[in-house]
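Visitor: Below, each chain spelled out in residue letters.
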Amino acid sequence: MFGLIGHSSSFEQAQQKAMDLGLEEMAGADLMAWCSAPPQLLETFQVTSQTGKTIQGTYIDSCFVPEMLSRFKTATRKVQNAMELAQKNGINVTALGGFTSIIFENYDLSKFQQIRNTTLQWERFTTGNTHTAWVICQQVERNAPKLGIDLTTAKVAVVGATGDIGSAVCRWLSQRTQVGELLLVARQQQRLQDLQQSLGGGRILSLEEALPEADVVVWVASLPQTLSIDHDSLRKPCLMIDGGYPKNLDAKVAGDGVHVLKGGIVEFWQDIGWQMMEVAEMENPRRHLFACFAEAMLLEFEGIHTNFSWGRNNISLANMELIGGASLRHGFQAIGLAADQLTSALIGRQLAAA
Amino acid sequence: MATLETAAEAPATLELSADALPDFTSANYKDAYSRINAIVIEGEQEAHDNYVSIGTLLPDQADELTKLARMELKHMKGFTACANNLGVTADMAFAKAFFAPLHGNFQTALAAGKVPTCLLIQALLIEAFAISAYHIYIPVADPFARKITEGVVKDEYTHLNYGQEWLKANLDSCREELEQANRDNLPLIRRMLDQVAGDAAVLQMDKEDLIEDFLIAYQEALTEIGFTTREIARMAASALVG
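Note that the protein sequences, when read in sequence, are chains A and B.
With the numbering used here, the residue at position 169 of the first sequence is 169, and numbering never jumps.
With the numbering used here, the residue at position 86 of the second sequence is 86, and numbering never jumps.
Certain hints may be false.
To be verified - With a straight-line Cα cutoff of 30 Å, these simulated BS3-like cross-link-like pairs (lysine-lysine) come out:
(1) Lys-147(B) to Lys-111(A)
(2) Lys-247(A) to Lys-73(A)
(3) Lys-88(A) to Lys-73(A)
(4) Lys-88(A) to Lys-30(B)
(5) Lys-30(B) to Lys-73(A)
(6) Lys-73(A) to Lys-207(B)
(7) Lys-17(A) to Lys-74(B)
(8) Lys-77(B) to Lys-207(B)
(9) Lys-88(A) to Lys-154(B)
(10) Lys-111(A) to Lys-168(B)
(11) Lys-77(B) to Lys-73(A)
(12) Lys-17(A) to Lys-155(A)
(13) Lys-114(B) to Lys-147(B)
(14) Lys-88(A) to Lys-17(A)
(15) Lys-67(B) to Lys-77(B)
(16) Lys-88(A) to Lys-168(B)
Said to hold, decoys possible - Every beta carbon over 12 Å from chain A, so not counted as near; a handful from chain B, in silico:
(17) Ala-27
(18) Lys-30
(19) Pro-59
(20) Arg-70
(21) Met-76
(22) Gly-87
(23) Leu-171
(24) Arg-190
(25) Gly-198
(26) Glu-208
(27) Asp-209
(28) Asp-213
(29) Ala-217
(30) Thr-229
Keep in mind that the hints were calculated from the coordinates and are not lab data.
Model, not experiment: these values are computed from the prediction.
By construction, the Cβ of each residue, glycine as well, lies at the ideal position given by its N, Cα and C atoms.
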């Protein structure tokens, strides 16, 4: 049995979901009431791999909503209680989805292993970041050429380069691909310098400096609401992989030569009989899911019951290859640019040539 | 939308580690403690009396129930010692009034011979309430009370388990009664939590935590008894709203 811990993308959506589930009281309850709502094990379902193997999964809604982010005690309690519920249900491996893994890391929840009378066993949990990083790299490698971007000469900016996913993406791109140049963007200078040294290359730039130079931008940091991007200053074509959470880049910059792809999202080879991805506002909720969730499935398919992705900057290229191989074998595929995006890119190239 | 940046600003480790304990000697603390401690003492007394009473409805289990009842009296003595240790006199009049509505509902059910309702009130609601409160109290308790409470909380799981097992075995015949008992009594628990929220806050126990932890223990018991996830979510909602 694998597990997924998730949450609604807004309070309003959580209320709507409660209504759909026939929980009228919760649908009408205010945010304060939701702050005290315990996690719920909402559904169990089966997933069958392309290989024919079938596994059982379960979805736990942490009852966290992004509006609770400023209430750190509430936010941490939601994550810890959801993890406890997963463990008490005997789930072998559970992925922390959406904000839950961010909260876990930011608030250093690994220091708090005891939840009431339960000692959390970290080996039962994964952030899913190894698979997410691998998927994002695939998205860069496969989609840049489709826009006419030659990766061997391209400059690829990684925004959030020192984070868990960001640093893994940098390592992969610098060692497993022939990208022209890596542009490293993050807030903490010391960590950037350490990363640059470990990579043996890459140029450290501010976001403002990096964007106008980049042919490909991988966003793996949450974007501040206030962030504004000068569309005119961007290179055209430009591929932007929106690998952060929440995915709000499209509305900011997409269009006119700038192509935004939802990063870290995979498509399964067949429909999955669940409802949960509807709350994540996936384009095809029966088949599309976060790569981090897919990692829990892959670990269960493969019988790898360890905390495969855990802690910061522990993602190895070998593990990315391992999970990537499993991903392809069991029927996952990184989502790519849509047909209309490719058509507009083609027209843009033809106009430029004329 | 809040961002990672704003979320990261909170002093998480500082507050979560609860390394700043309250001043157990302050007048404010002692005043709040006089009511909270009284509630705990009264709660253990009620629990004792209730298990003995349930024994009259289930004569074949009277011995087991008497054992549980004795444990509650032991707990009561422990918590009385906690008050003495801090030089606090428990406000028992407040505690009696605090439990009166729930006490009344239990007595009505007892008179009507309704075992499921009696068990829901005592073995599920009161025990889940106690378990959640004790868990949240332990990290912010004075060292003396901490030790005693740690011992007590283990016993309370045994009591929750007793009610759980009986109701599980008899769910088919008592499902509707349990749902009604939930509707009648869960809002009382909510009101009781509201009533002590101010005093609990002085002891560094958050109402939000208390409600969520109570619901976790209660929902676990309902799951074990055999209710479905959706039934449970519906049943629990009345503790959060209204």
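Visitor: Could you run down the list of hints and mark each one as holding or not?
Guide: Hints and how they fare:
In summary, the hint linking Lys-147(B) to Lys-111(A) is supported, as the alpha carbons are separated by about 22 Å, within the 30 Å threshold. Taking the CA atoms of Lys-247(A) and Lys-73(A), the gap is near 25 Å; set against the 30 Å cutoff, the hint holds. Distance restraint check for Lys-88(A) and Lys-73(A): the Cα-Cα separation of roughly 22 Å lies within the 30 Å cut-off, and the hinted pair is therefore satisfied. Annotation: proposed proximity of Lys-88(A) to Lys-30(B) is violated, straight-line Cα distance about 37 Å (limit 30 Å).
Taken as a hint, the Lys-30(B) and Lys-73(A) pair is honoured in the structure, with Cα atoms around 26 Å apart against an allowance of 30 Å. This hinted pair checks out: Lys-73(A) and Lys-207(B) have alpha carbons roughly 12 Å apart, not beyond 30 Å. In summary, the hint linking Lys-17(A) to Lys-74(B) is not supported, as the alpha carbons are separated by about 46 Å, beyond the 30 Å threshold. Simply put, Lys-77(B) and Lys-207(B) have alpha-carbon atoms about 26 Å apart, close enough for the 30 Å limit, and the pair holds.
The straight-line distance between the Cα atoms of Lys-88(A) and Lys-154(B) is roughly 17 Å, inside the 30 Å bound, and the hint therefore holds. At roughly 37 Å between alpha-carbon atoms, Lys-111(A) and Lys-168(B) are farther apart than 30 Å, so this suggested pair is violated. Distance check on the hinted pair: Lys-77(B) and Lys-73(A) sit about 33 Å apart at the alpha-carbon level, beyond 30 Å; violated. Taking the CA atoms of Lys-17(A) and Lys-155(A), the gap is near 43 Å; set against the 30 Å cutoff, the hint is violated.
Taking the CA atoms of Lys-114(B) and Lys-147(B), the gap is near 37 Å; set against the 30 Å cutoff, the hint is violated. Restraint check for Lys-88(A) and Lys-17(A): satisfied, since their Cα atoms lie roughly 25 Å apart, inside the 30 Å limit. For the given pair, Lys-67(B) sits about 16 Å from Lys-77(B) by alpha-carbon distance, which is consistent with the 30 Å threshold. Restraint check for Lys-88(A) and Lys-168(B): satisfied, since their Cα atoms lie roughly 19 Å apart, inside the 30 Å limit.
Residue placement check: Ala-27(B) keeps its beta carbon more than 12 Å from all beta carbons of chain A (closest about 27 Å). At the 12 Å boundary, the C-beta of Lys-30(B) stays outside the reach of chain A, the nearest C-beta of that chain being 26 Å off. With a least beta-carbon separation of about 33 Å from chain A, Pro-59(B) lies farther than 12 Å from that chain, consistent with its non-interface assignment. Under the 12 Å C-beta cut-off, the non-interface status given to Arg-70(B) relative to chain A holds; the minimum distance is some 23 Å.
Non-interface status of Met-76(B) relative to chain A is upheld: no Cβ of that chain comes within 12 Å, the nearest being about 22 Å off. No beta-carbon of chain A is positioned within 12 Å of the beta-carbon of Gly-87(B); the least distance is around 30 Å. The beta carbon of Leu-171(B) sits about 19 Å from the closest Cβ of chain A, which is more than 12 Å, so the claim that it is off the interface holds. The claim that Arg-190(B) lies off the interface is violated: its Cβ sits roughly 10 Å from the closest Cβ of chain A, which falls inside the 12 Å cut-off.
Here Gly-198(B) stays apart from chain A, with its beta-carbon at least about 16 Å from theirs, past the 12 Å limit. With a least CB separation of 5 Å from chain A, Glu-208(B) falls inside the 12 Å interface cut-off, contrary to its annotation. Not every CB of chain A is more than 12 Å from the CB of Asp-209(B) (nearest about 7 Å), against its label as outside the interface. Residue-level check failed: Asp-213(B) sits 7 Å from the nearest beta carbon of chain A, not beyond 12 Å.
At roughly 8 Å from the closest C-beta of chain A, the C-beta of Ala-217(B) falls inside 12 Å, breaking its exclusion from the interface. Distance check for Thr-229(B) against chain A: the nearest CB is about 6 Å away, which does not clear 12 Å, and the non-interface claim fails.
Violated hints, listed in ascending order, are 4, 7, 10, 11, 12, 13, 24, 26, 27, 28, 29 and 30; each of the other numbered hints is respected by the structure.
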